[in-house]
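Colleague: Those protein sequences? They're chains L and B, same order as listed.
The first sequence maps to residues 1 to 131 in the numbering used here.
The second sequence maps to residues 1 to 62 in the numbering used here.
You may find that some hints are simply not true.
Stated by the list, open to error - As a list, the in silico SDA-like pairs of lysine to any residue whose alpha-carbon atoms are at most 20 Å apart:
id : chain 1 : residue 1 : chain 2 : residue 2
1  : L       : K51       : L       : D80
2  : L       : K114      : B       : T25
3  : B       : K6        : L       : T45
4  : B       : K52       : L       : D99
5  : L       : K124      : B       : G26
6  : L       : K68       : L       : E10
7  : L       : K101      : B       : G26
8  : B       : K52       : L       : Y48
9  : L       : K114      : B       : P23
10 : L       : K124      : B       : D27
11 : B       : K6        : L       : I71
12 : L       : K61       : L       : T131
13 : B       : K52       : B       : P30
14 : B       : K12       : L       : E84
15 : L       : K101      : B       : D31
16 : B       : K52       : L       : T45
17 : B       : K52       : L       : E4
18 : B       : K35       : L       : E55
19 : L       : K51       : B       : L16
Unchecked claim - Chain B is nowhere near these chain L residues, computed Cβ spacing over 10 Å in every case:
id : residue
20 : K68
21 : T91
22 : V127
To be verified - Covered by chain B, according to a simulated footprint, are these stretches of chain L (three or more residues, beta-carbon under 8 Å):
id : segment
23 : 10-24
24 : 41-53
25 : 59-66
26 : 76-83
27 : 103-112
To be clear, the hints were calculated from the coordinates, so they are not data collected in a lab.
Just so it is clear, the structure is predicted and the values come from calculations on it, not from any experiment.
For every residue, glycine included, the Cβ atom is placed at its ideal position computed from N, Cα and C.
One-letter residues, chain by chain:
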Amino acid sequence: MWAEYSDRVEFLIIYIREAHPKDGWWLGKGLPGLMLKLSKSKAATDVYDPKAVEERRAVAKDCETALKYGIRTYVDEMDDRVNEAYAAWPTRLYLVGADGKVEYAGGLGPFGYKPKELGEAIEKYLVREGT
Amino acid sequence: MFDFIKHQRKSKARQLELDANAPQTGDEAPDFELKDVNGENSVRLSDYQGRKPVALIFGSFT
Numbered sequence: 001m002w003a004e005y006s007d008r009v010e011f012l013i014i015y016i017r018e019a020h021p022k023d024g025w026w027l028g029k030g031l032p033g034l035m036l037k038l039s040k041s042k043a044a045t046d047v048y049d050p051k052a053v054e055e056r057r058a059v060a061k062d063c064e065t066a067l068k069y070g071i072r073t074y075v076d077e078m079d080d081r082v083n084e085a086y087a088a089w090p091t092r093l094y095l096v097g098a099d100g101k102v103e104y105a106g107g108l109g110p111f112g113y114k115p116k117e118l119g120e121a122i123e124k125y126l127v128r129e130g131t
Numbered sequence: 001m002f003d004f005i006k007h008q009r010k011s012k013a014r015q016l017e018l019d020a021n022a023p024q025t026g027d028e029a030p031d032f033e034l035k036d037v038n039g040e041n042s043v044r045l046s047d048y049q050g051r052k053p054v055a056l057i058f059g060s061f062t
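All chains should be built: construct the whole structure from the sequences, respecting the hints.
Modeller: As structure tokens, this is what we get:
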């Protein structure tokens, strides 16, 4: 999607509070851990919840390096202000039009996280705007 | 096991509370300014206004 639209759409990764840190709602052991391994998920299972923004940035950098997604990553501050403004945790997609209005608001992840819908929203927006 | 359930319930409750006020299609997108993984190169959402649309991808490594 990024490869197809990045000349007309800016993609920003907003790194937020960990979904499943080792000292929180951890999925690294038992049945959830096994399912993660079997699904060959690239999610990390050895990360503690960062207590300072420098720690969060370091984990975000590891994520960026490991997943090689090639999109610029910006890190929410420890007050989780942007995360909360967008009700983004654990994962969510939005498309914001050039007019500053929400064009597409994805559902709550993980089950509401639908990249295909975002792609369709982008296509629809670009056709409508004639770009 | 009980810690797992405790964290799960707390996280989900908070998530639902915030979701009730999540921006919807047609709403003004909340503006923000954030720094990159090196603590440099700030980005502000409103800088793109009048220029190009922005796809926001929220998530974490875990």
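Colleague: Take the hints in turn and mark each one as holding or not.
Modeller: Hints, verified against the model:
Between K51 of chain L and D80 of chain L the CA atoms are separated by roughly 12 Å; this keeps the pair inside 20 Å, and the hint holds. Of the supplied pair hints, the one linking K114 of chain L and T25 of chain B holds, its CA atoms being roughly 16 Å apart against a limit of 20 Å. Note on K6 of chain B and T45 of chain L: the hinted pairing holds, with a Cα-Cα distance of about 19 Å set against a maximum of 20 Å. The suggested pairing of K52 of chain B with D99 of chain L holds, with an alpha-carbon distance near 9 Å, which does not exceed 20 Å.
Between K124 of chain L and G26 of chain B the alpha-carbon distance is near 15 Å, which keeps this suggested pair within the 20 Å criterion. Straight-line distance between C-alpha atoms of K68 of chain L and E10 of chain L comes to about 17 Å, which keeps the hinted pair within the 20 Å bound. A threshold of 20 Å between alpha carbons decides the hint, and for K101 of chain L with G26 of chain B the separation of about 6 Å falls inside it, so the pair holds. Restraint check: the Cα-Cα separation between K52 of chain B and Y48 of chain L comes to about 36 Å, which exceeds 20 Å; the hinted pair is violated.
Between K114 of chain L and P23 of chain B the alpha-carbon distance is near 17 Å, which keeps this suggested pair within the 20 Å criterion. A distance of roughly 18 Å separates the Cα atoms of K124 of chain L and D27 of chain B; the hinted pair therefore holds under the 20 Å criterion. A C-alpha spacing of about 34 Å is found between K6 of chain B and I71 of chain L, which places the hinted pair above 20 Å, so the restraint is violated. A C-alpha spacing of about 33 Å is found between K61 of chain L and T131 of chain L, which places the hinted pair above 20 Å, so the restraint is violated.
The suggested pairing of K52 of chain B with P30 of chain B holds, with an alpha-carbon distance near 16 Å, which does not exceed 20 Å. In summary, the hint linking K12 of chain B to E84 of chain L is supported, as the alpha carbons are separated by about 13 Å, within the 20 Å threshold. Note on K101 of chain L and D31 of chain B: the hinted pairing holds, with a Cα-Cα distance of about 10 Å set against a maximum of 20 Å. A distance of roughly 36 Å separates the Cα atoms of K52 of chain B and T45 of chain L; the hinted pair therefore is violated under the 20 Å criterion.
The hinted pair formed by K52 of chain B and E4 of chain L meets the criterion: a straight-line CA distance of about 15 Å does not exceed 20 Å. For a cut-off of 20 Å, the pair hint linking K35 of chain B to E55 of chain L stands: about 14 Å separates their Cα positions. Restraint check: the Cα-Cα separation between K51 of chain L and L16 of chain B comes to about 24 Å, which exceeds 20 Å; the hinted pair is violated. Even its closest Cβ contact with chain B, about 13 Å, leaves K68 of chain L beyond 10 Å, as expected for a residue assigned away from the interface.
Not every CB of chain B is more than 10 Å from the CB of T91 of chain L (nearest about 4 Å), against its label as outside the interface. Look at V127 of chain L: its CB is around 12 Å from the nearest CB on chain B, clear of 10 Å, so calling it non-interface holds up. Three residues within the 8 Å Cβ limit are the bar, and the segment 10-24 of chain L against chain B gives 13, so the coverage statement holds. Under a criterion of three residues with beta carbons nearer than 8 Å to beta carbons of chain B, the stated coverage of the segment 41-53 of chain L is upheld, 5 such residues being counted.
Counting residues of the segment 59-66 of chain L whose beta carbon lies closer than 8 Å to any beta carbon of chain B gives 7, which meets the minimum of three for the stated coverage. Judged by the Cβ-Cβ criterion of 8 Å, the segment 76-83 of chain L is covered by chain B as claimed, because 5 of its residues qualify and three suffice. Only when three residues or more bring their CB closer than 8 Å to a CB of chain B does the claim for the segment 103-112 of chain L stand; here the count is 5, and the claim holds.
In summary, the numbered hints that this structure violates are 8, 11, 12, 16, 19, 21.
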